[in-house]
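K.L.:
Throw the hints in and build the complete structure from the sequences for me.
Each protein sequence line maps, in turn, to chains A and B.
Just so you know, we're using this note's numbering here: the first sequence kicks off at 64 and counts up by one.
Just so you know, we're using this note's numbering here: the second sequence kicks off at 29 and counts up by one.
Take the hints with a grain of salt, since some may be wrong.
The calculated lysine-lysine pairs, modelled on BS3-like cross-linking and capped at a C-alpha distance of 25 Å, are [to be verified]:
(1) K93/A - K231/A
(2) K249/A - K299/A
(3) K228/A - K249/A
(4) K115/B - K175/A
(5) K229/A - K66/A
(6) K208/A - K322/B
(7) K115/B - K140/A
(8) K325/B - K208/A
(9) K231/A - K175/A
(10) K115/B - K208/A
Anything over 12 Å on all C-beta distances counts as not near chain B; from chain A, calculated [as the list claims (entries may be wrong)]:
(11) F74
(12) S89
(13) E138
(14) D143
(15) E164
(16) Q174
(17) L193
(18) R204
(19) A225
(20) P248
(21) E255
(22) H270
(23) E297
(24) K300
(25) A314
Residues from chain A that keep clear of chain B, each with C-beta distances beyond 10 Å, as calculated [as the list claims (entries may be wrong)]:
(26) T78
(27) E123
(28) G124
(29) G125
(30) D129
(31) T131
(32) I133
(33) P137
(34) L211
(35) L212
(36) S213
It should be emphasised that the hints constitute simulated quantities derived from the structure, not laboratory data.
Backbone N, C-alpha and C fix where the C-beta goes; we use that ideal spot for every residue, glycine too.
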Amino acid sequence: MLKVQSISKTFHPGTVNANTALDGVSLHLKEGDFVTVIGGNGAGKSTLLNAIAGTFPVDEGGIVLDGTDITRLPEYKRADFLGRVFQDPMMGTAPTMQIDENLALAARRGQKRGLKWGMKKEEQQRYRELLATLDLGLEDRMGIKVGLLSGGQRQSLTLLMATLKKPKLLLLDEHTAALDPRTAPKVLEITEQLVSSQRLTTLMITHNMRDALHLGNRLLMMDGGRIVLDIEGEEKKNLTVSDLLDRFSAASGKEEVSDSLLLSK
Amino acid sequence: MDFVLTFLGTLPGAITQGLIWGLMAMGVYVTFRVLSVSDLTVDGTLATGGAVCVILIRAGAPVGAAILIAFLTGLLCGLSTAFLHTKWGIPVILAGILTQIALYSVNLRVMASKANASISVDKYSLLISQRYVRETSLRNPLYFLVIFTVLVIGLLYWYFGTESGSALRATGANPRMARAQGINTDFQITLGLMIANGMVALAGALLAQYQGFADVNMGRGAIVIGLAAVIIGEVLTQKFFINFALKLLAVSIGSIVYFLVLQLVLQLGLNTNDLKLISALIVAVFLAVPHFSKRMKMNQNKGGEKNA
Chain A
64 MLKVQSISKT FHPGTVNANT ALDGVSLHLK EGDFVTVIGG NGAGKSTLLN AIAGTFPVDE
124 GGIVLDGTDI TRLPEYKRAD FLGRVFQDPM MGTAPTMQID ENLALAARRG QKRGLKWGMK
184 KEEQQRYREL LATLDLGLED RMGIKVGLLS GGQRQSLTLL MATLKKPKLL LLDEHTAALD
244 PRTAPKVLEI TEQLVSSQRL TTLMITHNMR DALHLGNRLL MMDGGRIVLD IEGEEKKNLT
304 VSDLLDRFSA ASGKEEVSDS LLLSK
Chain B
29 MDFVLTFLGT LPGAITQGLI WGLMAMGVYV TFRVLSVSDL TVDGTLATGG AVCVILIRAG
89 APVGAAILIA FLTGLLCGLS TAFLHTKWGI PVILAGILTQ IALYSVNLRV MASKANASIS
149 VDKYSLLISQ RYVRETSLRN PLYFLVIFTV LVIGLLYWYF GTESGSALRA TGANPRMARA
209 QGINTDFQIT LGLMIANGMV ALAGALLAQY QGFADVNMGR GAIVIGLAAV IIGEVLTQKF
269 FINFALKLLA VSIGSIVYFL VLQLVLQLGL NTNDLKLISA LIVAVFLAVP HFSKRMKMNQ
329 NKGGEKNA
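P.N.:
Here is the structure:
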């Protein structure tokens with residue numbers, strides 16, 4: 064489904080601030096893979112996701128999604144195939160537009176936006192049903208501006224928007240990190256439900272080791288712009304947090320896991 | 029009593045001017061509020077619209093065609109700023125200033141190197157003219173302007189409700205989200221700047237007919253008048269104008285109020301040379317309102333904590 068072929072990215076090249084965020088990363092995802100990605104700050108997790116999404120061009124390497132080479136496509140064109148949820152709950156929605164208007168925008172991802180009316184009557188019924196599945200009471204407030212929603216409500220809505228048109232790949236960039244401890248599990252639950260019901264190929268960054276172990280069928284650990292661990296299937300199922308820490312030390316050559324790896328247990 | 033009568037006597041003129049500038053201010057609303065960018069092209073575009081319209085009418089073009097071509101020229105002015113911004117990476121404010129300055133020369137060329145070009149309602153059949161502003165006959169520009177304003181509001185309301193218009197609104201509300209939803213934000217910014225400047229040029233074409241001439245300086249400070257109209261309209265109506273069409277109507281109302289207030293201060297004996305200063309002050313104060321109300325709220329919260 065996704066083939067990332069030895070991509071590299073250096074920010075501020077040729078300056079004292081030069082920072083190699085991705086160092087020849089290769090990654091193959093099969094259809095229906097749900098991959099969790101962990102690693103410390105500056106490990107390159109978000110850079111990898113943004114490289115796939117096309118936020119910036121990569122210096123080297125290529126990205127092929129479902130047979131289409133998307134390496135040179137601009138961000139908005141890649142969006143035809145991608146669903147995205149950002150860490151910042153403000154990032155994924157248009158705050159000055161209504162809940163149903165946001166959904167209507169998402170429903171037209173990958174389509175030509177012409178002079179037809181922006182939202183059809185029958186769409187509203189569908190949105191009402193979908194919002195009801197979130198169990199947040201949003202189905203009765205479709206006409207309010209998204210700016211009035213809480214962070215958790217916005218992330219849930221963004222998830223719905225990202226999957227409204229089935230994406231070939233769902234990119235989740237620490238989408239629960241900015242939420243309070245009570246809301247985060249709820250949003251994760253919605254994530255799991257959406258991913259499994261549509262069998263979405265998913266790449267999810269998380270800071271939470273237990274979430275990384277508990278969710279998905281494959282786990283990647285990144286360090287210094289490289290993938291240092293790649294565990295899947297049965298092996299992943301039996302993995303514990305302490306196994307993971309040991310394997311990280313062995314793979315990265317670092318004696319101990321620094322605080323910056325921050326993996327909250 | 030004399031004062032009141034004099035003021036009432038100037039009312040039709042002020043309202044008419046307010047309606048014309050209201051069309052221009054709706055263009056400013058499209059960039060400033062919908063697209064969340066400040067476009068300074070408009071000072072040049074207004075004069076371009078006026079100059080193109082007057083020169084074409086004097087060359088024998090039908091007035092409708094002249095206005096239409098003025099509008100199309102305005103689209104090009106917006107395209108120029110959008111090109112500098114999206115293709116050459118120049119910040120939009122600077123891109124607008126560059127186009128505006130360039131347009132000054134262009135406008136002089138259009139008017140054959142003269143600073144102004146007059147057009148008499150006696151010689152040409154114009155859509156609107158200042159001369160009939162006190163008449164009750166259909167020649168009074170008020171009738172045309174009210175109907176035209178309603179039409180423009182209707183058209184904008186329709187457009188911003190379509191898929192394309194929704195994409196433009198999303199671009200202004202959150203460009204990252206828009207791109208993640210597959211919207212080409214550069215294209216939408218270009219479209220928004222073109223629509224806005226088209227409307228400004230249209231207003232320039234109407235203003236030139238109304239006052240009987242186009243002037244290379246007629247757009248100087250236009251952005252300030254446009255912003256004043258937008259902000260005054262919002263402050264006066266924000267409690268009960270929620271619908272988008274009503275918000276556009278508020279811009280027109282804001283523009284009329286601006287010219288009424290202007291008329292009032294002029295009548296109070298103020299020097300006309302100070303007009304721009306006063307306009308700038310009014311806009312600055314209204315623009316500062318959200319900032320200060322936020323600070324006041326923060327101070328109130330601090331006080332609350334102390335008491336607790």
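K.L.:
Kindly indicate which numbered hints from before are broken by the structure, ordering the numbers from low to high.
P.N.:
Checked against the structure, the hints that fail are numbers 10, 13, 14, 15, 16, 19, 33, while the rest are satisfied.
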